[in-house]
Amino acid sequence: MKGFIIKEFYHIFRDFRSMIVLFGMPVVQVLLFGFALSTEVKNAPVAIIDHSNDQVTRAITSKLLSSGFFILSDEVHGEDHIEEVFRHGKVKEVIIFESNFASNLEKDRQAAIQVIADASDPNTANLLVNYTSAIVADYQQEYMKGLSLPVAITTESQMMYNPALKSVFMFVPGVITILLMLITAMMTSISIAREKEMGTMEILLVSPMRPMQIIAGKVIPYVLLAFANAVTILLLSYFVLGMPVKGSLLLMLAESLLFIVMALSLGIFISTVSKSQQMAMMLSMFALMLPTILLSGFIFPIENMPLPLQLISNIMPPRWFIIIVKSIMIKGLGFQYIWKETLIIAGMTLFFIALSVKKFKIRLE
Amino acid sequence: MPIIEVQNLVKKFGSFVANDNLTFSVDAGEIYGFLGANGAGKTTAMKILCGLSAPTSGKVMVAGYDVSHQSEMVKKRIGYMSQRFSLFDDLSVWENFQFFGGIYGLPSAKIKQRTSELLGRLGLESEKKQLLGSLPLGWKQKLAFSVAIIHEPYIVFLDEPTGGVDPITRRQFWEIIYETANQGITVFVTTHYMDEAEYCNRISIMADGKIVALDTPANLKIKYNAANIEEVFLKIARS
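Just so you know, the sequences run in chain order A and B.
The opening residue of the first sequence carries number 1 in the working numbering; numbering runs sequentially from there.
The opening residue of the second sequence carries number 366 in the working numbering; numbering runs sequentially from there.
Errors might be hidden in some of the hints.
Once the Cα atoms are required to be at most 27 Å apart in a straight line, the calculated BS3-like pairs of lysine-lysine come out as [said to hold, decoys possible]: (1) B:Lys441 to A:Lys358; (2) B:Lys475 to B:Lys505; (3) B:Lys377 to A:Lys359; (4) A:Lys196 to B:Lys493.
Estimated spans, in silico, between C-beta atoms of each pair [what the hints assert, rightly or not]: (5) A:Leu350 to B:Gln495: 43 to 49 Å; (6) A:Gly347 to B:Tyr543: 57 to 63 Å; (7) A:Met282 to B:Ala583: 52 to 58 Å; (8) B:Gln495 to A:Met212: 31 to 37 Å; (9) A:Arg14 to B:Lys600: 47 to 53 Å; (10) B:Arg449 to A:Gly347: 35 to 41 Å; (11) A:Leu31 to B:Lys377: 57 to 63 Å; (12) A:Met282 to B:Asp580: 47 to 53 Å; (13) B:Ala474 to A:Gly347: 46 to 52 Å; (14) A:Lys2 to B:Pro367: 35 to 41 Å; (15) B:Leu599 to A:Gln278: 37 to 43 Å; (16) B:Pro367 to A:Lys359: 33 to 39 Å.
What the hints contain is simulated information worked out from the structure, not anything from laboratory work.
Beta carbons are placed, not taken as given, at the ideal position from N, Cα and C, and that holds for glycine.
Please model the entire structure based on the sequences and the hints provided.
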C-alpha cells in the first residue's frame, strides 16, 4: 500500500501536465478571479444635481464621495444635460436630490433621491445603484438614530455580510469548489483510466491486491494533494486577497475534506464508465466542470434561473458546498447552520461510492 | 502432477458461450502453448485461470486452489504478463521492480536480491536507474516478463508476450522462457506466432470456444499430416 502511494506520487511529479494542473492552476485561478475578473467598481465618475443644497444633501454627498466607489465628475447643470453626459460616457451615474430635501425629511419624514445609471453596462450600473442606495440607507439610519424614531430599512442580504461589496468574497468560495472538484474528480478519473488504457490495471487486478486496495492506493495521493490545495487557496485568499475565514477554520477544513472525498468518489465512478483517458477527461469536463460553473450558483444566482434549471442545480454537489463555504468563511456560521448541506454531500458521497463499487464488480466478472 | 486442472469449464456471457466444456491439465514445469484464432475464447479462459473472471460452471484448480472461491490464494502463486506492454513508462526500471515486488508483498531485501538476479540475467543492470519509457520495446518486454516472475510464482501466464517484437528479440525471449521453465516455473503462453508454438512442450488449439486439438507439437504434426504447426493450425481452422 505504501509502495502504491509512492508510485502514484512519482506519476504525478514526473508528469509536467499533472504538475501544472495541480499546482499552477489554483494559484492562477485564485489570482485571476481575485483581481482580473473582479466585478468591483472603484472610482466611478458620478454627477450630482443638488436642487436643495442643504446640510443633509451635503452630508450624503460627502459620504458618497468618501466611500471610494465614486468620484465627482464635471458638474451637470440641470436634468436636460443628463443624456448628453451619458452619451459622452463621462459619467456612469447621476444622483439627483429633490429641492427642500432636509425640510421634507424633517416634516414629512421622507425625501427622494433619484439615481440614474448608465445601463449600457448593466453589471456596473446595477452595482453602482446598489452602492448608492446602501450608502444612502446607511446615512438614513444614522439620521434616524438621533430622532429615535422606528425605522425599517432593508438592504440586500449580500451587503449585510459583505459591506465592502468585495467581489473577491463572492468568488473565493466558488474557486475553492471548482478547484477541489477539478483536481480530485478529474485527476483521479484520468489516472485510473490511464492505468486501464496502459494495461497496467490488468496486472494489478491479477495481483493479490484487492480492488478496494488498488482504488485506495490510487486516490489517497489525490486526497492529500487536493487538501494541500484547499489550504493553499485559503492562504492565498487570506494573504493576497485579504479574505479571512470568519468561522471555524477546523470546520472549514473538515468540510473541504468531505467534499474532496465526494469529488473523488465521483472521479472513481467516471473512471469505471470510461475506457480511455480522453473519455475520462471529456466526461469530467462536460459532466462536471460546466455544470459546476454554470449551475452551482457560483456565477449565476440560482434564484434567477428558470425553474427546471433550479431543480437540476439541486443535484449539483458544488451548489451545497458553495453554501457551506460561504456560511463558514463569510458569515462565520457554525455547524448547526450547515448540517443539512453537509448531510446532502455525505449522502452523495455514499451514493457514488456504492455505484462505483457495483460497477467495478461488474467489470471484473 | 498437474499444476493446472480444468474440468468441464463453461463460461457464458448471456446466451453466448465463450468457453464450451473445456477439459485439460498442465503439468508443473511444462511450457504449455494455448493457441487459437482471435475470438476463439483464449482470453476468456486465461482470465478465468488468473482469477479475474468466474466460471459459469466446471472446476478450475490452479496451483492447488479452486479459482472460483480461493482466487486470493491463486493470485499469490501466479504471475501475469499481458499482451499490451504493461510496466510504468514514467518509473525507472528499479522503481517498477520495487513497486511490483511490493504489491506481491515481498520484503525489500528480497526485492533487491530478485531484481539484481533478474537484471543480471538480462544484462540490463546498468539501466536500473533509467526511465522505462526511454528503453527499446524488446528490452521492455523482457523486463515485463522479469517483473511477472519477481515473486517466484508457480505459474506464469504470458498473453501474446512477443507481439510487435523483432525476430532476434523473440528468440532471446524464448531462451528466457526456457530458463524459467528449467527453474521449475510453469509457463502458460498464448501466441499468434506458429513457429513459437513449436517451442512448447504441449499445445492446445481452440476454435469456437472448444479445444479441438491437444498434444505435443510433434504428435500434432503426425496426426494432421503437416510439415509444421502453421499447417496444423490452418487445417483445423478450415475444418
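For each hint, the structure was consulted:
no., hint, result
1, B:Lys441 to A:Lys358, "25 Å, holds"
2, B:Lys475 to B:Lys505, "22 Å, holds"
3, B:Lys377 to A:Lys359, "19 Å, holds"
4, A:Lys196 to B:Lys493, "26 Å, holds"
5, A:Leu350 to B:Gln495: 43 to 49 Å, "45 Å, holds"
6, A:Gly347 to B:Tyr543: 57 to 63 Å, "58 Å, holds"
7, A:Met282 to B:Ala583: 52 to 58 Å, "54 Å, holds"
8, B:Gln495 to A:Met212: 31 to 37 Å, "33 Å, holds"
9, A:Arg14 to B:Lys600: 47 to 53 Å, "51 Å, holds"
10, B:Arg449 to A:Gly347: 35 to 41 Å, "39 Å, holds"
11, A:Leu31 to B:Lys377: 57 to 63 Å, "58 Å, holds"
12, A:Met282 to B:Asp580: 47 to 53 Å, "50 Å, holds"
13, B:Ala474 to A:Gly347: 46 to 52 Å, "47 Å, holds"
14, A:Lys2 to B:Pro367: 35 to 41 Å, "38 Å, holds"
15, B:Leu599 to A:Gln278: 37 to 43 Å, "39 Å, holds"
16, B:Pro367 to A:Lys359: 33 to 39 Å, "36 Å, holds"
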